[in-house]
Amino acid sequence: MLPVLLKAALPSVPVVNQLPGVRKVPGADLGSLSASREVSVERDHVTAYGAVCGFPHKDTAPLPYPHVLAFPLHLELMTSPEFPFPAIGSVHLENTITAHRAIEVGEALEVTVTVRGPRPHPRGALVDFVTEVRGSEHVAWESVSTYLRRGASASGEPGPGLTLPDPLPGGIEWRLPADLGRRYAAVSGDRNPIHLYPWTARALGFPRQIAHGMSTLARCLAALENRLPDAVQVEVAFRKPVLLPGSVRFATAGDRHERTFSLANPADGAAHLVGRARAL
1 MLPVLLKAAL
11 PSVPVVNQLP
21 GVRKVPGADL
31 GSLSASREVS
41 VERDHVTAYG
51 AVCGFPHKDT
61 APLPYPHVLA
71 FPLHLELMTS
81 PEFPFPAIGS
91 VHLENTITAH
101 RAIEVGEALE
111 VTVTVRGPRP
121 HPRGALVDFV
131 TEVRGSEHVA
141 WESVSTYLRR
151 GASASGEPGP
161 GLTLPDPLPG
171 GIEWRLPADL
181 GRRYAAVSGD
191 RNPIHLYPWT
201 ARALGFPRQI
211 AHGMSTLARC
221 LAALENRLPD
231 AVQVEVAFRK
241 PVLLPGSVRF
251 ATAGDRHERT
261 FSLANPADGA
271 AHLVGRARAL
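Oh and the sequence shown: position 272 is 272 in the UniProt record's numbering, straight run, nothing missing.
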């Protein structure tokens, strides 16, 4: 992964970021950026992912699992010279997952990621990574991962973003270990330094390492296992980083047709994550 991490980091380094092969291309047509791969859902990988995120052992993949199959394509596109922003420093702000059915362990899939944007945001510019996962014939799973590049610009007026409820009261407290970022990186391939060690996170402006947004979402959905249908749409907004080690309070309300959930700071109630799941 070291060459990939260097490719992700170098566009953020002054002077170096002007070198051929490193320099980003402002104003590139993001609509032309797309990548695909064919994969098989391997039981050992699903089991390892489930162990990190809290999912039970089953013959179907956990609801958010296809995101890790798509992440190498996200990184490939982010590190392309045609992508206008450095990968390091982009913030995962929102995610929408639409599962049309359960995905079987052992199933062969085609994963395609395309890029849309940029769109304006009060703090910069947004870019959407749109993932489509196909089985033998039809689309089985889709997602839109929205990343914020602070300080960048895009034409137009900012949109409202996802409209989600405030954090729920009560709930149960989870203690997240210091090595969670490293464990999730091992199964997801997302080895962004902000998630790994205190010293790598401090180098990028954080007091210590933070949890992956998709790791916290996966832990929430694992807590809702068997309370959501196979055909479901999940919307989530990542509000505030979760410092590791640390404690969070998980709360949920609703039924199988529509359910809200949240992660909040137990001390002050500040939201780390708010989400909603709706049956299709």
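These are computed hints drawn from the structure, not numbers from a lab. All C-beta atoms in this analysis are idealised placements derived from N, C-alpha and C, irrespective of residue type, glycine included. Treat the hints with care, as some may be off.
Calculated pairs, SDA-like style, for lysine to any residue (alpha carbon to alpha carbon, straight line, at most 20 Å) [to be verified]:
#, residue 1, residue 2
1, 58, 42
2, 240, 171
3, 58, 228
4, 240, 278
5, 240, 271
6, 58, 135
7, 240, 130
8, 240, 258
9, 58, 48
10, 58, 271
11, 58, 160
12, 240, 187
13, 240, 175
14, 58, 89
15, 58, 104
16, 240, 94
17, 240, 135
18, 240, 268
19, 240, 202
20, 240, 279
21, 58, 265
22, 240, 280
23, 58, 47
24, 58, 107
25, 58, 40
26, 240, 269
27, 240, 203
28, 58, 80
29, 240, 89
30, 58, 196
31, 58, 94
Quick list of simulated restraints, FRET-style, between CB atoms [said to hold, decoys possible]:
#, residue 1, residue 2, range
32, 205, 104, 20 to 28 Å
33, 122, 59, 40 to 48 Å
34, 81, 154, 38 to 46 Å
Going down the list of hints, with the structure as the test:
1. 58 <-> 42: holds (12 Å)
2. 240 <-> 171: Distance ~18 Å between residue 240 and residue 171 Cα, so the pair holds.
3. 58 <-> 228: Within the cut-off at roughly 15 Å; holds.
4. 240 <-> 278: Violated, because 24 Å separates the two Cα atoms, which is more than 20 Å.
5. 240 <-> 271: The hint holds at about 6 Å.
6. 58 <-> 135: holds (19 Å)
7. 240 <-> 130: violated (23 Å)
8. 240 <-> 258: violated (24 Å)
9. 58 <-> 48: holds (12 Å)
10. 58 <-> 271: violated (31 Å)
11. 58 <-> 160: Given that 20 Å is the threshold and the Cα spacing comes to 38 Å, the pair is violated.
12. 240 <-> 187: violated (23 Å)
13. 240 <-> 175: Roughly 17 Å between the alpha carbons, so the hint for residue 240 and residue 175 holds.
14. 58 <-> 89: violated (36 Å)
15. 58 <-> 104: holds (9 Å)
16. 240 <-> 94: holds (12 Å)
17. 240 <-> 135: violated (35 Å)
18. 240 <-> 268: Satisfied, since the Cα-Cα distance of roughly 12 Å is no more than 20 Å.
19. 240 <-> 202: holds (17 Å)
20. 240 <-> 279: Roughly 27 Å separates the two Cα atoms, so the pair is violated.
21. 58 <-> 265: violated (31 Å)
22. 240 <-> 280: violated (29 Å)
23. 58 <-> 47: holds (9 Å)
24. 58 <-> 107: holds (14 Å)
25. 58 <-> 40: holds (16 Å)
26. 240 <-> 269: holds (11 Å)
27. 240 <-> 203: Given pair residue 240, residue 203 holds - Cα atoms ~19 Å apart, limit 20 Å.
28. 58 <-> 80: violated (37 Å)
29. 240 <-> 89: Cα-Cα ~15 Å, so holds.
30. 58 <-> 196: violated (29 Å)
31. 58 <-> 94: violated (28 Å)
32. 205 <-> 104: 20 to 28 Å: Violated, at about 42 Å.
33. 122 <-> 59: 40 to 48 Å: holds (45 Å)
34. 81 <-> 154: 38 to 46 Å: violated (19 Å)
Consistency note: the structure conflicts with the earlier hints numbered 4, 7, 8, 10, 11, 12, 14, 17, 20, 21, 22, 28, 30, 31, 32, 34.
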